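S.K.: Sequence:
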Amino acid sequence: ESSFHTTVVFDECGLYRVEGGDRVCSAEGSGYLDFDVITCTLTCTNRKTTKLPSDVCSPGEVDCTPDVAKKLKTWAFSK
Numbered sequence: 001e002s003s004f005h006t007t008v009v010f011d012e013c014g015l016y017r018v019e020g021g022d023r024v025c026s027a028e029g030s031g032y033l034d035f036d037v038i039t040c041t042l043t044c045t046n047r048k049t050t051k052l053p054s055d056v057c058s059p060g061e062v063d064c065t066p067d068v069a070k071k072l073k074t075w076a077f078s079k
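In terms of the UniProt record's numbering, the sequence shown opens at residue 1 and continues consecutively.
Source of the hints: derived by calculation from the structure; they are not laboratory data. Heads up, a few of these hints could be off.
Under the rule of at most 30 Å between Cα atoms (straight-line distance), these lysine-lysine pairs were calculated in the BS3-like manner [unchecked claim]: (1) LYS51 / LYS73; (2) LYS73 / LYS48; (3) LYS70 / LYS48; (4) LYS71 / LYS48.
Taking CB as the label site, the calculated pair distances span [claimed, not checked]: (5) SER78 / VAL37: 20 to 28 Å; (6) PRO66 / GLU28: 27 to 35 Å; (7) GLY29 / PRO66: 32 to 40 Å.
Source: prediction; values computed, not measured. By construction, the Cβ of each residue, glycine as well, lies at the ideal position given by its N, Cα and C atoms.
Could you put the whole structure together from the sequences, leaning on the hints where they help?
M.R.: In structure tokens, the structure reads:
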């Protein structure tokens with residue numbers, strides 16, 4: 001049985017966050033579930049969490065500057 005989920009992303013940073021989340025969670029035998037912008041943490045369906053790289057989140061937001069997008073892209077594809 002396979003599962004399918006759709007995550008809506010609104011910018012380049014969201015795309016890399018979801019891609020990295022999928023990779024991190026897949027390595028744990030799980031799937032990407034959610035992102036908490038307050039704690040800058042990804043949650044997998046098995047409830048394990050992963051912090052995003054330092055300095056990509058400001059309190060309560062991800063300001064998707066070109067520099068932040070580059071950091072998230074590097075992080076996402078290093079997983």
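S.K.: Hinted pair, alpha-carbon criterion (30 Å max): LYS70, LYS48. Please report holds or violated.
M.R.: Given pair LYS70, LYS48 holds - Cα atoms ~25 Å apart, limit 30 Å.
S.K.: For the hint 20 to 28 Å, verify it against the beta carbon of SER78 and that of VAL37.
M.R.: For SER78 and VAL37 the Cβ distance comes to about 22 Å; the hint holds.
S.K.: Between PRO66 and GLU28, does the C-beta distance stay in 27 to 35 Å?
M.R.: 30 Å, holds
S.K.: Mind checking the alpha carbons of LYS71 and LYS48 for me, to see if they're no more than 30 Å apart?
M.R.: Distance of about 22 Å is within 30 Å: holds.
S.K.: Confirm or reject the claim that GLY29 and PRO66 have a C-beta distance inside 32 to 40 Å.
M.R.: 34 Å, holds
S.K.: For the pair supplied as a hint, LYS51 and LYS73, is the alpha-carbon distance within the 30 Å limit?
M.R.: 15 Å, holds
S.K.: Within a Cα-Cα threshold of 30 Å, do LYS73 and LYS48 meet the stated pairing?
M.R.: Answer holds: LYS73 to LYS48 is near 21 Å, not above 30 Å.
The structure fails none of the hints (numbered hints given earlier).
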